[in-house]
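Undergrad: Chains V and Z, in that order, give the protein sequences. First residue of the first sequence: 0, per numbering that gives the first Met the number 0; consecutive thereafter. First residue of the second sequence: 0, per numbering that gives the first Met the number 0; consecutive thereafter.
Hints were generated in silico from the structure; no laboratory data involved. What you are looking at is a predicted structure, and each value in this text was computed from that prediction instead of being measured. Where a beta carbon is used, it is the ideal one built from N, C-alpha and C, also for glycine. Warning: the hint list may mix true and false statements.
Per label pair, the in silico range of CB-to-CB distance [claimed, not checked]:
id: 1; chain 1: Z; residue 1: Ala182; chain 2: V; residue 2: Lys356; range: 41 to 51 Å
id: 2; chain 1: V; residue 1: Asp359; chain 2: Z; residue 2: Leu149; range: 51 to 61 Å
id: 3; chain 1: V; residue 1: Thr321; chain 2: Z; residue 2: Glu189; range: 11 to 21 Å
id: 4; chain 1: Z; residue 1: Ala182; chain 2: V; residue 2: Asp359; range: 51 to 61 Å
id: 5; chain 1: V; residue 1: Leu467; chain 2: Z; residue 2: Pro147; range: 21 to 31 Å
id: 6; chain 1: V; residue 1: Thr321; chain 2: Z; residue 2: Val163; range: 31 to 41 Å
id: 7; chain 1: V; residue 1: Leu467; chain 2: Z; residue 2: Thr200; range: 39 to 49 Å
id: 8; chain 1: V; residue 1: Tyr349; chain 2: Z; residue 2: Pro171; range: 15 to 25 Å
id: 9; chain 1: V; residue 1: Pro319; chain 2: Z; residue 2: Pro171; range: 48 to 58 Å
id: 10; chain 1: Z; residue 1: Leu149; chain 2: V; residue 2: Ala401; range: 50 to 60 Å
id: 11; chain 1: V; residue 1: Pro293; chain 2: Z; residue 2: Val163; range: 31 to 41 Å
id: 12; chain 1: V; residue 1: Pro372; chain 2: Z; residue 2: Ala182; range: 26 to 36 Å
id: 13; chain 1: Z; residue 1: Glu186; chain 2: V; residue 2: Pro319; range: 14 to 24 Å
id: 14; chain 1: Z; residue 1: Pro171; chain 2: V; residue 2: Leu467; range: 33 to 43 Å
Under 8 Å between C-beta atoms, here's a sample of chain Z residues computed to sit facing chain V [what the hints assert, rightly or not]:
id: 15; residue: Leu57
id: 16; residue: Ala66
id: 17; residue: Gly112
id: 18; residue: Leu145
Not close to chain Z: a few residues of chain V, all C-beta gaps over 10 Å, as computed [stated by the list, open to error]:
id: 19; residue: Val60
id: 20; residue: Asp308
id: 21; residue: Gly385
id: 22; residue: Ser469
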Amino acid sequence: MTPCFTRGCGLLALAAWMSAAAAAPLVNATLEPARITMGQSAELTITSSGSSNAPLALPEVNGLDFRVVGQSHRVEIVGGATLVSTAIMVRVTPRAAGIYTIPGITPQSQPLVLRVDAEDAPDKPPGPGNVNSAATRAEGIRMTPDGSAYVRLVLPKREVFVGESIPVEIEVGMRNGFVSSLNGLPTLSGADFTLNNLSRQPERTPKLVDGREFTLLTWHSVLAPIKPGKFSLSVESPLTVRVQTRPARESRLEDALGDPFFQNYFGVTVSKEITVTSPATELTVLPLPAAGRPADFSGAVGSFQIADDLSSSTAAVGDPLTLRLHVTGTGNFDRVDSAMLDHLDAWKTYPPKSSFKASDPVGFRGEKIFEQPLIAAQSGPQTLPGLSFSYFDPATRRYEVARSAPLAVAITPSAADPSAGPPAAAGKTAGTAAAADGLRPDHALSGAAHRSLVPPYLQARYIAAPALFSLLIAGGWLGRRRSLMPRAPSRRTAKAAGRVLQRLEAAAQAANAAEFFSIARAAVLEVEGTEGASEDTREIFALADEAHYSGHPPTTTDYARWTEVVRRRILPEKGA
Amino acid sequence: MSGRTVAMMCLFLAAWSGAARAAEPGYSAAALYNLGNAYARAGKPGLAVLNYERAALLAPEDPDIAANLHYVQRSAHVAADLRAASNAWTRAMTRASPVAMSWLGLAGILLLGAAVATTRYPWTSRGAAAAGIALLGLMAGQCAVLWPALHSAVVVTAGAPVRVSPVPMGDPVFTLPEAEVVALAAEHDEFVLVRTAAGRTGWVSRSNVAPVIPRW
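All chains, please: the whole structure from these sequences, using the hints.
TA: Right, dumping it as structure tokens:
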């Protein structure tokens with residue numbers, strides 16, 4: 000073989016290799032992540048450059064499922080040459096934990112290794128892609144079969160006491176696009192606990208679970224066990240989810256379409272109402288110990304501190320003061336109670352009132368204030384005894400008694416109470432000391448005391464009797480005066496008298512003396528029949544006889560005078 | 000005067016006297032005076048003046064009460080009492096205590112009644128009526144002298160703000176010194192309308208003044 004022949008064969012071989020290399024596509028495969036937990040999936044990305052349209056054969060590994068979930072093409076122009084690359088995304092889902100070796104896509108490719116851990120693997124290293132899912136798995140998430148929602152009850156501890164308030168969180172995770180509505184508040188299963196102060200509006204936060212976007216609704220509440228024992232707790236929440244209507248074998252559409260919006264648009268899902276239940280949580284409820292229970296224990300369980308204050312350090316006798324007891328801390332404030340000062344010498348006590356001001360949404364932490372009105376009945380410096388409050392502390396597992404400090408108060412005599420003694424002279428100032436020097440001395444306490452400062456003659460009780468007596472005197476005087484006065488004629492008498500006077504005037508105008516005196520005599524006699532003869536009556540009779548026997552007719556003036564005499568007689572008030 | 004009238008008057012006097020004795024003891028002029036002295040020594044001129052004013056209502060003829068009242072007011076640099084304590088009319092009308100003046104007024108009423116009831120002795124009746132009217136006039140005069148004190152109050156806090164309107168947000172127009180005696184003109188909720196001896200008016204909180212006749 001000549002060297003020339005050998006060189007020629009080498010060139011042909013190189014050309015053939017280069018031709019073969021140019022015709023065969025360049026394939027690269029990556030697996031991300033290389034370590035997952037059961038229930039998770041890894042993504043195998045196969046990238047091929049070149050114009051080959053040969054179908055790609057998925058690898059087959061026992062225990063692993065491969066499914067194409069997407070494909071992308073990329074065209075690059077580098078130095079005038081066109082480079083086409085295709086990427087195929089394959090979801091790799093393990094059926095069991097273990098270490099899997101995925102053979103190379105091409106004979107030239109390196110095999111890939113996938114490590115699948117069990118769900119409770121303690122030595123799983125945190126990675127950027129699985130931190131969230133690992134955490135949520137450890138927190139007791141139980142997803143619905145379709146992976147659309149979950150409910151979780153977060154308890155701070157597993158051993159509590161009867162009556163103790165336990166702040167809890169209820170989380171409802173709803174996968175975006177798969178849960179259409181929440182149909183009610185979460186409820187607690189079982190009647191041995193009460194769920195108090197459940198917030199109406201939950202906190203809303205986004206969360207990534209298993210690489211999927213969820214909306215997390217969180218309710219805060221307080222759990223209160225009613226009786227001792229071991230219980231299994233769970234919460235449930237009604238939801239409306241969208242479920243697929245096509246067979247499972249066609250679920251690739253989900254991956255192919257990639258977005259639930261398109262699935263809804265193409266009508267592959269329908270709404271369905273379901274109830275999501277959280278995994279059961281074991282809780283042990285212990286009874287409160289009977290030993291060492293204080294007599295004033297009201298059922299308060301928690302951690303509390305107390306403080307007291309008085310509305311004023313000085314007051315006068317009869318002035319109201321307010322004694323306040325502040326109970327702060329954490330626990331079941333609905334059972335926090337205090338009788339305050341039930342009885343106190345030289346003080347008048349009233350029943351206390353309480354108010355609670357929570358510092359969290361569920362009322363687990365806050366301040367309860369008891370206010371008791373007090374009225375001092377005796378002047379001088381006094382000390383209010385300290386208050387005490389008994390509660391059971393779950394942390395120390397024993398009853399505690401918190402005590403407040405005594406309060407000093409200076410009581411001065413009341414300004415409105417004359418029976419109170421004078422105030423202490425210790426409080427006098429320099430300015431008033433000079434004034435006090437010029438005061439006239441005190442008086443000896445003697446003489447009658449008075450119920451009111453108002454002068455007696457202005458008091459109703461004193462005015463009433465003289466007024467009544469004055470009325471009696473005035474009434475008697477008026478009665479006596481009335482009895483002395485002539486009575487006014489009645490209407491009937493006045494009318495009759497009027498008629499008589501009219502007849503008299505008619506007779507006078509007719510100058511008929513006989514008729515005139517006849518009428519006058521009859522009228523006067525009618526009056527005299529009851530009251531007797533008077534001077535006027537006798538005069539009329541004399542005039543009548545004179546006019547009858549003298550033969551001289553009376554003049555007009557005589558008629559007028561006699562008419563007036565008769566008028567005065569038959570109407571006495573007119574002439575009175 | 001008939002025997003029946005005399006018997007009726009005796010019965011009335013007995014009833015009135017019994018009503019007077021039935022009054023529960025409460026205020027004593029001496030106790031109020033001593034209390035005023037104690038407050039004056041304790042450096043509380045407002046409460047001292049208040050108790051002196053109350054004592055003066057029960058015993059206006061007591062010179063010690065008037066002296067200490069004026070002394071404390073002068074020491075506190077406030078205007079004198081609303082009552083013109085120095086004129087002769089006031090002194091004359093306050094010669095007797097209100098209780099004694101009540102009895103005198105009652106006697107005046109009885110004299111008037113006797114004058115009206117009898118007509119047998121005209122001159123005696125007229126004399127009795129005149130005496131009764133005079134006694135009633137004395138009582139009315141003392142009532143007129145004491146009337147301002149019955150409707151007055153004493154400032155018991157230092158620098159009490161006087162506002163133009165009876166609301167806490169009302170603009171203060173001036174302040175009242177402690178121990179000043181003011182006249183009460185009107186009331187509205189937690190405020191009272193006061194008039195000072197200088198003639199200034201305004202609304203002040205009830206907590207800053209104490210009425211001489213306890214009302215709140």
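Undergrad: Next step is simple, just say for each hint if it's right about the structure.
TA: These are the hints, each one checked on the structure:
1. One distance hint, 41 to 51 Å for the beta-carbon pair Z:Ala182 and V:Lys356, holds here, with the actual separation near 45 Å.
2. Distance hint for V:Asp359 and Z:Leu149: a CB-CB separation of about 58 Å, consistent with the stated range 51 to 61 Å.
3. V:Thr321 and Z:Glu189 have their C-beta atoms about 19 Å apart, which keeps the hinted 11 to 21 Å range intact.
4. Z:Ala182 and V:Asp359 have their C-beta atoms about 56 Å apart, which keeps the hinted 51 to 61 Å range intact.
5. A hinted range of 21 to 31 Å holds for the C-beta pair V:Leu467 and Z:Pro147, which are about 30 Å apart.
6. Distance hint for V:Thr321 and Z:Val163: a CB-CB separation of about 32 Å, consistent with the stated range 31 to 41 Å.
7. Taken as a hint, the range 39 to 49 Å holds for the pair V:Leu467 and Z:Thr200, whose Cβ atoms sit roughly 40 Å apart.
8. The beta-carbon spacing between V:Tyr349 and Z:Pro171, approximately 35 Å, falls outside the hinted interval of 15 to 25 Å.
9. For V:Pro319 paired with Z:Pro171, a C-beta distance near 27 Å fails the hint of 48 to 58 Å.
10. Checked against the hint of 50 to 60 Å, the pair Z:Leu149 and V:Ala401 passes, with Cβ atoms roughly 54 Å apart.
11. Our hint of 31 to 41 Å for V:Pro293 and Z:Val163 is violated, since their Cβ atoms are close to 58 Å apart.
12. Distance hint check for V:Pro372 and Z:Ala182: the Cβ-Cβ separation is about 34 Å, which falls inside the suggested range of 26 to 36 Å.
13. The supplied range of 14 to 24 Å is met by Z:Glu186 and V:Pro319, whose beta-carbon atoms lie about 22 Å from each other.
14. Remark: the range hint 33 to 43 Å for Z:Pro171 to V:Leu467 is contradicted by a beta-carbon distance near 50 Å.
15. For Z:Leu57, the interface hint holds, the least distance from its beta-carbon to any beta-carbon of chain V being 6 Å, beneath 8 Å.
16. Checking Z:Ala66 against chain V by beta carbon gives a least distance of about 5 Å; that is within 8 Å, so the hint holds.
17. With a cut of 8 Å, the hint placing Z:Gly112 at the interface with chain V holds, because the nearest CB-to-CB distance is about 4 Å.
18. Proximity of Z:Leu145 to chain V holds as hinted, the smallest CB-CB distance being about 6 Å (cut-off 8 Å).
19. For V:Val60, the requirement that its beta carbon stay farther than 10 Å from each beta carbon of chain Z is met, with the minimum near 84 Å.
20. Chain Z leaves V:Asp308 outside its interface by the beta-carbon criterion, the shortest separation being 21 Å against a cut-off of 10 Å.
21. Even its closest Cβ contact with chain Z, about 30 Å, leaves V:Gly385 beyond 10 Å, as expected for a residue assigned away from the interface.
22. Chain Z draws V:Ser469 into its interface by the beta-carbon criterion, the shortest separation being 6 Å against a cut-off of 10 Å.
Checked against the numbered hints above, the structure breaks hints 8, 9, 11, 14 and 22 and satisfies the rest.
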